Structures are given as structure tokens and as C-alpha cells.
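Chains A and B supply the protein sequences, listed in that same order. Here our numbering is used: the first residue of the first sequence is 1, the next is one more, and so on. Here our numbering is used: the first residue of the second sequence is 1, the next is one more, and so on.
It is worth saying that the hints were derived from the structure and are not from the lab. Keep in mind that this is a model prediction, so the values were computed, not measured. Relax, there's no trap hidden among the hints.
What the simulated footprint calls covered on chain B by chain A, stretch by stretch (three residues with Cβ under 8 Å from a Cβ of chain A suffice, anywhere in the stretch; the number is not a length):
1) 170-176
2) 213-219
3) 392-402
4) 409-421
5) 450-458
The calculated DSS-like cross-link candidates involving lysine-lysine, where the alpha carbons are at most 25 Å apart (straight line), are:
6) A:K122 to B:K380
7) B:K380 to B:K100
8) B:K246 to B:K100
9) A:K117 to B:K380
10) B:K290 to B:K100
11) B:K246 to B:K290
Below, a sample of chain A positions facing chain B; criterion: calculated Cβ distance under 7 Å:
12) Y34
13) A36
14) P40
15) I47
16) R53
17) I89
18) I93
19) I109
20) M112
21) F113
22) I115
23) V118
All C-beta atoms, glycine included, are put in the ideal place defined by N, C-alpha and C.
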Amino acid sequence: MRFSDAALGLIFLVTGISLALYSYSLPSIPGQNYGAATFPLLISVGIIGCSARLLYTGIRQRGVPFVYLATEVKSVRAVLSVAATVLLIVFYIYFAGRLGFIPTASIIIFSMFLILKVHPVKALILTVIAAFACDFIFRTMLLVSLPIGIMPRLPW
Amino acid sequence: MDVLIQALNLVATWNVLLAVIAASIFGLFVGAIPGLTATMATAMLVPLTFFMEPVAAVGAMVACSAMAIFAGDIPGALLRIPGTPSSAAYVEDTYQLTQKGQAELGLGACVLFSAIGGLFGTLVLIFAAPSLAEFAMSFSSQEYFWMALLGLTCAVFMGSGSLERGFLSLLMGLTIGSVGLDNPAGVPRLTFGSTDMLGGIDFIPVMIGIFAISMVLRAAMNGGGEKEAVPKTVGNIFRHWGFMLKTYWRQMLRGNLTGTVIGILPGAGSDVAAYVSYAISRRFSRTPEKYETGHAEGVVEATSSNNASLSSAWVPALVFGIPGDTITAIVVGVLYVKGMNPGPTLFLFNPQTIYAVFLIFILANLIMIPLGWVLIKFAKNILRVSKSVLMPLILIFCIVGAFASNNSVYGVTIMLIFGIVGYLMEENDFPVAPCVLGIVIGPILEENLITTLIKFQGSLIDFINRPIALALFALSCLIWISIVYSWIRPRNEEVSE
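Extracted from the complex, chain B is given alone in its bound form:
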């Protein structure tokens, strides 16, 4: 109880509340602009968090990402362009509802079930994370090694596109994470004689480059894009809440559960959660033929799911320091900068900070309703802002943000390089998420690999000499076998033809 009061004291300060509200508005704005993702919003927020207290910094990121995921539903409903990839699964339904003059039904479902989903995921986070952390206290380097490897394997497996591209993206991330002095022998590695690179490649300019600069380059390539048609007006979004809660409570619960489980899985994010939940909803629906024609059922389940997964993705990030998706990968980077090194000891030594973060999760999901309502009211004006006007502003904001990461143009150089890399990766169908997770998880993987090798004098069998390590190894093997099988299968089919 003392911890909770301390946490409340940490949250109930003007600094934190202002940071949360400002970050929420920023997240809503970015999420509502088609093409700007929640991850990009979080990456752009990072330079500002340097100047905040730890709780305010993490709180701002929590609020920003939750709002951006929800706000992505709005352009989907009004323009048929999902604001974030997580909203893409059910965009057809929300848009068709708008076309039928029932925009308030679709958007009302998005506001209500996003908030409930977020709260559900938060509850799981609050109850599961401390117990898991206690359990994780007994983990040794073997378990951490397999956890990290499993996270990376899932990141490749869950991603879209070809598996070899996913793997190469991951291996690129691992190589980037290997740069600098921070390696087992403590020697300069992959620094090419640069003193700036001795400290490793700064994560923040890399994120800004991969997520924001690549998008600016794409906008430059497309000439900024055309102005969107003015959306139709939206009625009272609260009108159908009672009816939806009564009719779709099963879908809501199922979406919450699916989203939470997918969020906890390392490597799978809210977009995967939304797609899986939409598919499940359709599979179990009595009226599957109505899907994609303007039917709220699938929307309820998928939107419940994507916000739930966002909160629960913090479970592996906080407990093991292994991020579940790209957003938590960025957050883990910020946690290190703020001295809140993620891992089970965080719960032991700094429980009040963690509970403060949990409280902000609840707060963010509650203020989503009034802020979401305001955003929908102003959606017409926000969606009219042309990308041609936004992109130059985003570019200069990114440059300053990357510069601020270490007060030198080295950050800007890194940002530019990774902006081009990110752009080329997307052009050539390389998923970006495995690369980002590789950068964050790589050092953890290497440290635990070398520790275990030295501890057991190179004996590989000792990597699975403990029950949990063995279970994690078996799970990883299952995924690898399915990957190898998918590589071999097409060749066999060709041979049989």
C-alpha cells in the first residue's frame, strides 16, 4: 500500500500530468495523420524525454503510443486510409459504416473498446508483471539467452514478407548492436577508427532515422501526396455504447484476451493482434458474410485487441528487458537512459516507479475517451492538414531531435544513414521490426551467450541444463523447424510438379 501511495505521489505532479496530456495530444495528432505510425510518434518523442523526470518520460511514451494506436482508427473510418498499421485490419468495416451514415457507431466502438482493451492489458500487466518478475529472479544466463533468442525468432516469424529478408533484417540489427567498446573483450569493434562510434551506435537517432526520415524520403518521392477529400460529419459517438456493450461483450473479452496474449509474446505487436482478432471474430461469427461490409462486430474485437496488446507488450519489456514490439523497444532504450534498467530487479528496488507507470497506463486509457471525442470533433480540420506542410516540419524536428541525443552532428549523421537504410529496407520488402529488436536485444543475447559459454567452458548441452531453459529451447526449436519446413516445402512442391 505504501508503494502505491508513493507511486500516486510520483504521478500526481504537474510535470507528469502535463507531460502525459501533451504527449497524448501529440500521439492523437500523429496517429490521426495517415502514414504516420504510433512507433514514429514514440520515436519522435524520445528527444523530448531527455529533459523529463523518469516517470514523466515513461508516462509520456505510454500515453503517446496508446493515443496514436487509437487515433489511427479515425482516418480509417473517415477516409479509408488507416492511420497506423494496427487499424488496417478493420478499416473496410469502419469506412463502410461511415458511408452508410453510421460513422458514430464505428468510431464510438473504436473509442470505447480501445480504452477498455488498454485497461484490460494494463490490469494483466499490473498483476502478471510483479509475479513474473519474482519468478524471473531465479533466471540464470541460460534462461535469458533463450528468452532473448525466442524474442528475436518470434520477431522474424511473426513479421510479414519472406523469412530470409526477416532474418537478414534481424542480423543487420544484431550487427548494429555489436558496434562499440561494449563487448566481452572490451575492444573497439566495428568502429572503423571513429571515436564517436566507440560508445556504440546511438539508438535514438537510429530510431528517428528508420521510422521518421524514411517516411520523409518517401513523401519527397511521392511529391507530398494529394489532399484528401473532406470527411463526412460524425454524430454522437456515445449513442451506441450501451447497445454495443450488451451485444458484443463476448467479442470484446475475446479480443482483450487475444490481444493481451499476443502482446506478451516477444516480437508480435498490435498490428498482428488486430489481424488475428479480426480473423478469429469472423471465424466464430454467426454472420461472417457481413464482415468488410460495414459491420461493427469485427471492429469491436480487433480494436479491443490492438490496445490490449500495447499494454501487455510491456510485460516482457519490464520483466526481462526484452521488448515485445518496436514501441517497447524504443521504451526499453529510454528506460536505460533514465537509469531504470529493465529486469526483475526493477520491481525489487524501484517498485514505486513501476507502479507509477502502471497508474499512468490507467490514466492514459481513461483520458483517451474525452480526448478521443474532441479529436473526432476536430478530425475534419486535422485531416485537411496536407502532408506537404507537415513533412518539412517533421524533418527539422527530427534533425534537432537527433542532434539533441548527444549534442553533436554525429547524431544527425547516424539519423541520415539509417533514414536511407530504412527507406531502402521498405522499398525492398525488408521488415523493419526485426532490425529494431535486434539492436535492442542483441547486446543482451551476446552477454548471456558469452557468460554461459565461459561458465560451462563451451559445453553446449549446459545451455539446456535447467527446466525453463529447456522449455524455452524446445519452443524456439519448434519455431525454427517450422521456418526450415516452410523453406523446404516450396522446393518439394516444385519437384513433385
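Extracted from the complex, chain A is given alone in its bound form:
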């Protein structure tokens, strides 16, 4: 997804102004003129300056839409694939604790294979191997407390 210079300038201008307003509320070090606000204020000045320049160049480029897709990715499938990939990570965030690592990882890996048009049988075999291998490497070998969820404790 591409944004025009004007759109980017506007987004960053709003961000810069918001950061500046927020920074004003931060306190100084007791007895000093400087503190938590100094650095973000300087950053916000930089953001406002650069966004003003982007906005200026953007306004001069007439006919460029605010947001557009690059020509090579103008297919519904491409956009849906990216959205699905993002949703799969969100799925992990919300369901890994309840379902456990292996079931969640299996769903994510298998769905991702299908999104990338891998043959389902090959995808299934690879999914099982990858989910169990990841679990073995991270939980058993590296002692990461991966969520167990509905899975029974594995013997290794």
C-alpha cells in the first residue's frame, strides 16, 4: 500500500504535533529546566519540519491519489493474503494461551502454506514436522515456557 507524499506529510504532521503537545505535559527533573519532555520535543520539531516538506512536494504533485496499491499487487488475492497473514499472527496472540502452542502453530503454518499455494498433502506433512520441531527446540532445549493449552504434556 503506497501513500502519496501529501498523505504521508499529513500523517507525520499530525503525529509530530501530537507528540509535541503530549511532550509538554511531561515533567522536568526536579530543580532543572530539562527532563522527560526535552528530547521528544526536539524529535517533534524534526518530524513537523520534514512532514512540512513532504506536504509541500506532495501538494505540487497533482493527480496522485492519497492511497494506492502498486501495480504489481493490484489483485484481490494479494491483498487478502497479506490480511490473512496478519490475522494469523493476531490469532496466535489471542488463542495460543487457550489452545496451546502446537495446535495454534499448526493452524498458522498450514494456513500459511495454503496461502502460498503449497500442495495440501505436502503442507500437512511439513506443518506437523515444523510444529513439533519448534516445540522441541524452544520448549525442551531452550526452556521457553510455550503455552500448553489443551495439549497433553509431551513425553520429551
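Starting from the known structure of chain A, fit chain B onto it as the hints suggest.
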């Protein structure tokens, strides 16, 4: 001498050697896959380094990044697709050599001169870093402030694309680095009421997101990409070594020197080194017309340069804690996690650890030759692995890695957010490197800015009251003036038209 023996003892353990060899193989594999960069390989390795001893962890990263930079040459030579951006400068030559049936000449040059370049950069690191560290002991907050600012300025200036995009990328990085309680007043800043964010935004999920998740998203967008054509066979890569060393020793030396200098400069990485060296080589060549038609001369110089810069980029990272490129930015993060806080005191209190890292640099560049030879032999099989198969595996590895950074889904959330940010940044031509350097250098910059302001009660002139601070300020000014000039110049040209 005692220090060196202690360092040898630290390196010569099974844990360290196994970590180095495993990381080397991982780096070679990732580097050889087109589109997967050395930085991404290093970022993906970070979660595994949590569970290693400090020397093994840093050693693994050294080996992985060196191998990945070299391995990027292989798909370039066989498929005309550079494996990493650092190999892009001379891809036309290596590919044309393969087309002429001389793949062993191009790839042999890549193996040999990558290893020599890496060793040269390491030697400079070994000799320059301790003396620089001694020198840096006298640095005060002013010098550190200007060093940090110079590093960030270079990161913007050296990057590709428009300067305002580079600056905005940097400012984004600085803002991300400002999140949390770690600020001069010790108050929650930009945390939006989240307790998870009080400790700041964890660097590791950010790196995994920006470098790896953005790539998975891109692969999803392109449907995984097509399978590449099977490459041609490669002959004996050692056959032309004698001839190349004899013919191209000048180019090798010049490449090593250029790469080392560019590596030391904060903000410029191995890709810049390769491009600059290739251009220099062409400029001074007696046969510049042969470049890009399958000529080994430019390849020798550029490949000598990119690996040299990789080693020397560690000089500012270790001595000042100011990373030279994205790879060392990640390494600096790991050094902090491992309690090896970079800076001159590291050389004073922990010299054996630093020398152990130096020894691993030498080891990694030496084992590059046999491992590189094996990789070239198996290149056909590795390049046949489809991205459609790799991406889901990379995705789950990233999720687990981000989760492992603090054992909660907070890491995964951060990874996802920065994956989308990284993807959008690349789509909109924002360079990623200034943002990453901003996250790492931002806190150093703020700390030294506030310390200096308080120390001199807000007097700005005192920022340049010491000779080195003044020199660094002058250098920064030069770069800023050239940036402002480049902003004004097009407008003047338009007016004159």
C-alpha cells in the same frame, strides 16, 4: 598475553565452537536464499542467543553475519538475484561469468576475497579498537553526544531515497527509543497506560518484525514467488586463486581499505562499501569497459570490501556503543542483554571477552572457505527450496522468537506492529536502517544531551568547548550543510528554468 590465553580458553569450548559452526551454517543458508538478508539472519538468531553464554552468543552473531554476507554472492552468480543487498553491486559480473562457463572464477573470487576481506577488517578491529578505547576513556558527555549525532546523521545521509524520508525514519526510531520509564525524569513516557511498555519497547521483537515479518508479508503479497531455474554446475573454485591473487592484489588491498574505512563510519554498512568499491575499481581500471560483462576485477574489489566493512563496523559499536550498521545495531542490543555493555570500559574490565570475540572473527573468516566450498557444491539443492515452503516456517520461527524475548504475547504483538510498519516503510521508500539505528542510539543521544545541558546549565556553546567535540561538531555541520544544500538546489534550478 594472559588475556589472550584467557580468551582462547573462552573460545575453545564445545559450546562456543558448536554455536559458531551452527550459526555459520544458518548464516550461509539464509544468505544464499535470495531476498533473505544478513540482517534478517542476525535478527532471527537473537532469540536463540538468550540461552547461550555471552561469548557463544556474540560469536554466533559474528559467524552468522559474515557467512550470510558471503553467501549472498552465490545466488547472484548462479541466478542473477543477489542474496543480500551487499552482493548487488557486482551481480552482473558474477552472473555473466557463470554464463560464460566460468562460474568457478566468480565464486572462487567471492570465497577467497570475502575471507581475506573479513580477516583484514578483523586485524584493523584488533589493533584499532583497544587504542581507540583508551582514547575514548577521556570522552565526556559532549563527545558522546556528537558521536551519536554524527552516527545518526551519517545513517540518513548514506541511505538511499529522499533525505526527508531518511530523517522521518530516523525520527521514528528515536521516538520508539523514547518509550518507557528510562528517561531523565524517570516518568512513564509514551506508554499509553500499558504496564508492558514501562520497560520500553523490546528491541528484539522490533527487529524480527521490521526485517523478517515484513518479508513474510511481502512474500504473501507476491504469492511466494516462482521457482528459480536450476543453476549450472560449478567447477573447482580453488583453481584460479593463484592467478587472481597475483593479478588483483592491488584491487584486493584497495577494497579492503575502502571497506574498512566505510565500516568504521557510523551509519554506513557493507552494501555501501560494495557499491563504493565497485565504482572505485571501475574508475581506476585499465579496462573499465569490461565491467558488468563478466570481469573478475570489480568483483574482487567489491567482495573484499563488503566483508572488510562488516568486521570494522564493530569498531564504533564496541568502543563507543554506537553501531555502524543494522547488524551491529542488533549486536549492541545483544551485548546489553548479555551484560557486556559496549563502551571503552568493556576493554578495561572485560578484555578477555573482547579478545575472545576477536578470535571468533578470525575463526569465522577461516571456516568460511571450507563451508563456502560445501555450500557452493550444494547450492543447486538450496536454491531449489521454494520460498512458499520457507515463509511459513520463518513466520512460526519469528513468532516463537518474539514470544521467547519476554515469555509473553506482548513480544508477538510488538513484532506484528513493527512487521506492518517495516512493510509499509519499504513500500513507501522509507529506508529502514536510520529507524533501527535511531532506536539503539536514541537513548545514548538523549542521556548525553540532557547530561550536557544540565552540566552547563543550558549553555549551548559548551557543547563544543573541547577539541574533539568541536571537530565532531564541524564534521556534523559539513554533512548538514550538504543536506540543506541538496534540499535547496533543486528549487533554485526550477526557479532558473
